[in-house]
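Protein chains: 2
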Amino acid sequence: MHIREATLADFDQIWPFFHEIVAAGETYAYPRDTIREQAIKSWMETPRKTFVAEENGQILGSYYIKTNQPGGGDHVCNCGYMVSSAARGLGLATTMCEHSQQVAKSLGYQAMQFNFVASSNEGAVRLWTKLGFETVGRLPKAFLHPSRGYVDALVMYKWF
Amino acid sequence: MHIREATLADFDQIWPFFHEIVAAGETYAYPRDTIREQAIKSWMETPRKTFVAEENGQILGSYYIKTNQPGGGDHVCNCGYMVSSAARGLGLATTMCEHSQQVAKSLGYQAMQFNFVASSNEGAVRLWTKLGFETVGRLPKAFLHPSRGYVDALVMYKWF
Chain Y
1 MHIREATLAD FDQIWPFFHE IVAAGETYAY PRDTIREQAI KSWMETPRKT FVAEENGQIL
61 GSYYIKTNQP GGGDHVCNCG YMVSSAARGL GLATTMCEHS QQVAKSLGYQ AMQFNFVASS
121 NEGAVRLWTK LGFETVGRLP KAFLHPSRGY VDALVMYKWF
Chain A
1 MHIREATLAD FDQIWPFFHE IVAAGETYAY PRDTIREQAI KSWMETPRKT FVAEENGQIL
61 GSYYIKTNQP GGGDHVCNCG YMVSSAARGL GLATTMCEHS QQVAKSLGYQ AMQFNFVASS
121 NEGAVRLWTK LGFETVGRLP KAFLHPSRGY VDALVMYKWF
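Those protein sequence lines, which keep their order, are chains Y and A. FYI, full-length UniProt numbering numbers position 88 of the first sequence as 88, with every residue one higher than the one before it. FYI, full-length UniProt numbering numbers position 13 of the second sequence as 13, with every residue one higher than the one before it.
Hints listed in this document are in silico derivations from the structure and should not be mistaken for laboratory results. There could be a bad hint or two in this list.
One copy or two, either will do: identical chains are not told apart, so a pair holds if it fits within one copy or between any two.
As the list claims (entries may be wrong) - Derived pair list, reagent style PhoX-like, types lysine-lysine, alpha-carbon separation capped at 25 Å: (1) 41 <-> 130; (2) 141 <-> 41; (3) 141 <-> 158; (4) 41 <-> 66; (5) 49 <-> 141.
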């Protein structure tokens, strides 16, 4: 398994799992009806860099890194990770998160922040906690989960 | 004193205090060298609505309102407020914040979130607290204050 910077052509392989995750509406705060063009803008173009995790030419996951706040906040980055359903349970989120922290440091960031982790996404909360992220905020009822209704969203943070 | 929706022409009067506040770098996470065109984009164009507080044709302050997170987070709005230095201490921030909460409700939002309040901005923290906002997060050393160095940034939140 190899992680490398994404090219626009990679989006053909990213879109199926991006679409599946976003249409489910259970984890990410994207409109559930996000279309491909909007997805390219937010996943590939707006971020500072986007990476893919690839095995034998097949893309299994992807993440982006961007500056979370400009100006006086620009030493803190933000990342988002998606794993194809075919590749779940293989530790890919851990591998990508660790890779992203190395990339973040090489870009000069001093901390990483996740702005909006649905508290119902217990697997993600457990994983980020294990990887050294602290829950520094809890936004009451800030995420509308499609079946559970309003749930809290967490702000998670790691100073390098 | 009258609060109304802003027009693009109002930016001639907004820019002097926007520029003064942003160039100081003590409160807002904008690049301190933000130019007028970027300021128009982020203050007037990106938000859902922008308002000005006006007296005798003179604009004393301005605020924007926008959706803080799309999709499952789109019931929570975000606002930013700026007051001209000539109009400080007159309660304008309070007036604008109360106005913005009414606007937020009329637009269907159920909560308001401030993502990044510099903890060193004690006046703002005190004011938002007085107006019913709860400090739901503390981001360690997330804001680089020009004279105090790294200070925490707060996440403040009010469910209507």
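key: Hint numbers not upheld by this structure, sorted from lowest to highest   = 1, 2
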